[in-house]
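Peer 1: Chain residues, written in single-letter form:
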Amino acid sequence: MRNIFLFIRIYFNFIFFLFLMGVSLYMLFTYNRFQHTAYSSVAGEITGKINIQYNGVEYYFKLKKTNDSLVKANAALYNKLKQDYEMPDTTTKLAIDTLKIDTLFHKRKYLYMPAKVVGNSVSQPNNYLQLHRGSLQGVSRDLGVTDINNNVVGTVVDVSKNYSVVMSMLHRQSNISAKLKKTGETGSIVWDGVQPNVVILKDISKDVRVGKGDSVITSGFSDKFPFGLLIGTVIEVSNDNSTGTHIIKIKTGANFYNLQYVNIINNLQKDEPQQLLKSVKKINE
Amino acid sequence: MSNLLKNIIRFCFFILAQVFILNQIPPLHHLVTPYIYFLFILWLPFKMGRRSVMILAFALGFCLDCFTKTYGLHTAPCVLIAYLRPFLINLLISQEGAESNYNEPSIQSMGFAPYFTYVAILTLLHHGLLFFLEALQSGGFFYFIIKTLVSAAISLLLILLTELIFARKQRFRTNTV
Chain A
1 MRNIFLFIRI
11 YFNFIFFLFL
21 MGVSLYMLFT
31 YNRFQHTAYS
41 SVAGEITGKI
51 NIQYNGVEYY
61 FKLKKTNDSL
71 VKANAALYNK
81 LKQDYEMPDT
91 TTKLAIDTLK
101 IDTLFHKRKY
111 LYMPAKVVGN
121 SVSQPNNYLQ
131 LHRGSLQGVS
141 RDLGVTDINN
151 NVVGTVVDVS
161 KNYSVVMSML
171 HRQSNISAKL
181 KKTGETGSIV
191 WDGVQPNVVI
201 LKDISKDVRV
211 GKGDSVITSG
221 FSDKFPFGLL
231 IGTVIEVSND
241 NSTGTHIIKI
251 KTGANFYNLQ
261 YVNIINNLQK
271 DEPQQLLKSV
281 KKINE
Chain B
1 MSNLLKNIIR
11 FCFFILAQVF
21 ILNQIPPLHH
31 LVTPYIYFLF
41 ILWLPFKMGR
51 RSVMILAFAL
61 GFCLDCFTKT
71 YGLHTAPCVL
81 IAYLRPFLIN
91 LLISQEGAES
101 NYNEPSIQSM
111 GFAPYFTYVA
121 ILTLLHHGLL
131 FFLEALQSGG
141 FFYFIIKTLV
151 SAAISLLLIL
161 LTELIFARKQ
171 RFRTNTV
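First to last, the protein sequences are chains A and B. Take the first sequence: its letter number 74 is residue 74 in this note's numbering, and every next letter is one higher. Take the second sequence: its letter number 65 is residue 65 in this note's numbering, and every next letter is one higher.
Quick caveat, the hints were computed from the structure, so don't treat them as lab data. For every residue, glycine included, the Cβ atom is placed at its ideal position computed from N, Cα and C. Possibly wrong hints are sitting among the right ones.
As the list claims (entries may be wrong) - From chain B, some residues computed to sit far from chain A (all C-beta separations above 10 angstroms):
no.: 1; residue: Pro27
no.: 2; residue: Phe58
no.: 3; residue: Thr75
no.: 4; residue: Leu124
As the list claims (entries may be wrong) - Examples of chain B residues lying across from chain A (beta carbon under 8 angstroms, computed):
no.: 5; residue: Ser2
no.: 6; residue: Ile21
no.: 7; residue: Leu44
no.: 8; residue: Lys47
no.: 9; residue: Arg51
no.: 10; residue: Ser52
no.: 11; residue: Cys66
no.: 12; residue: Gly72
no.: 13; residue: Ala76
no.: 14; residue: Leu80
no.: 15; residue: Ile93
no.: 16; residue: Glu104
no.: 17; residue: Phe132
no.: 18; residue: Gln137
no.: 19; residue: Gly140
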């Protein structure tokens, strides 16, 4: 027994080192679980407050770019107004539209919530955004996030009271279901960590013809994003010989360097299909 | 200025500089991600106990991880270099009694060549472990080796600049050890 105590006393520094190393490696390798612990949301609140101070300065320098993209978004919305379309009237019967899109959200599926970006990175191997909008303002985990012009940005992964953390598309574990607009093939979007603003579309079979400049949009299969949001445009196509699929490089529609405002998309009808899927799985088990 | 106050200011300064300057600048290349925040650990006083250095290193790494949302990724390399720091100082210190004559490691107290060997070795170790942990999740062996070497070189350049810009005047305290 005495020898054990002696051993511990002699090697105490080394044991202490191993202990601290163990704690940090444990945090690293269980980080998906760790992110949802209580003190990570406290840390989120504190870093959010610091980030917002910095963003106050940074935002001022990017006012011009933010304004430009808002003007573009406005123009796109004006172009969708009903009075811009005029056709000779062919209807013979007046039908009253009973679709409820009132303020009670009876039939509404997607609700957009704007949020200010207070923290953002593009140079790390795994990038996150921090938004100044949290659970008190209606954000929850696993919601989709788009930029002002409705191009895909990422997914909410963690929420504290007033802030939320978004896993950006520039993250190695990000996996977004995507579709080629021209031919309709679906694949998934991943990031290889090489270039910001360039992601990769996988799982598209070799015999599909893909050209430069083709649009890639969301497939609408996941409950995070509605169908047809722009992810990006094709800039390079190469072949993966081992699997017989294309590796398609895509320039993202969202510019991750100067995100100032984003929209969080809340799918109000997500519970029902999920429960259905769960009950089907239960029956088949 | 007292030692404690100086180190508290340094702690905040290095974290903020790393998060809001080095992590914000557009990357030159995906292999270049410079770090200087761990200079805080290298600049801690000679007299500080090994356990306190390790605890401070843990806190420093964890603070940075809170900002980058990668809990543990920077903490592990910080703890490693904090553990190895005293061995290197004992090996490289040239003047007899420099630990007691001077307050903390610097060019003045250790001499240029030993000081930069000390910084270079710990920088390499820090970057090595950091990018190794990163490569475990994704990326290959050559990616890890090249990224470590390139990033460490750029970091060393930045550290040299930091040393030149923020020259630390060290008082020669006494020669009666």
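Peer 1: It remains to establish, for every hint, whether it holds in the given structure.
Peer 2: Tested hints:
Some Cβ of chain A comes within 10 angstroms of the Cβ of B:Pro27; the nearest lies about 4 angstroms off, and the non-interface call is violated. Not every Cβ of chain A is farther than 10 angstroms from the Cβ of B:Phe58; the closest lies at roughly 5 angstroms, contradicting the non-interface assignment. Listed as a non-interface residue, B:Thr75 fails to keep its Cβ farther than 10 angstroms from every Cβ of chain A; the least gap is roughly 4 angstroms. Chain A leaves B:Leu124 outside its interface by the beta-carbon criterion, the shortest separation being 18 angstroms against a cut-off of 10 angstroms.
Below 8 angstroms, beta-carbon pairs count as interface contacts, and B:Ser2 has none with chain A, the closest being about 25 angstroms; its hint is therefore violated. The interface hint given for B:Ile21 is violated, since its Cβ lies 10 angstroms from the closest Cβ of chain A, which is over the 8 angstroms cut-off. Taken as an interface hint, B:Leu44 does not check out: its beta carbon lies about 15 angstroms from the nearest beta carbon of chain A, beyond 8 angstroms. For B:Lys47, the shortest C-beta to C-beta distance to chain A is roughly 16 angstroms, which exceeds 8 angstroms, and the interface hint is violated.
A hinted interface residue such as B:Arg51 counts as satisfied when its beta carbon comes closer than 8 angstroms to some beta carbon of chain A; here the least separation is about 6 angstroms, so the hint holds. Nearest Cβ of chain A to the Cβ of B:Ser52: about 11 angstroms, over the 8 angstroms cut. The hint is violated. A distance limit of 8 angstroms between C-beta atoms decides the matter here; for B:Cys66 the minimum to chain A is near 4 angstroms, and the interface restraint holds. A hinted interface residue such as B:Gly72 counts as satisfied when its beta carbon comes closer than 8 angstroms to some beta carbon of chain A; here the least separation is about 3 angstroms, so the hint holds.
Interface restraint check for B:Ala76: the shortest CB-CB distance to chain A comes to about 4 angstroms, inside 8 angstroms, so the restraint holds. Interface restraint check: B:Leu80 against chain A, minimum CB-CB distance 7 angstroms, threshold 8 angstroms, status holds. Checking B:Ile93 against chain A by beta carbon gives a least distance of about 19 angstroms; that is not within 8 angstroms, so the hint is violated. About 20 angstroms separates the beta-carbon of B:Glu104 from the nearest beta-carbon of chain A, more than 8 angstroms, and the hint is not met.
Annotation: interface hint on B:Phe132 violated; nearest CB of chain A at approximately 11 angstroms, more than 8 angstroms. For the restraint placing B:Gln137 at the interface with chain A, the shortest Cβ-Cβ distance is roughly 6 angstroms, inside the 8 angstroms limit, so the hint holds. Look at B:Gly140: its Cβ only gets to about 12 angstroms from chain A, farther than 8 angstroms, so that hint breaks.
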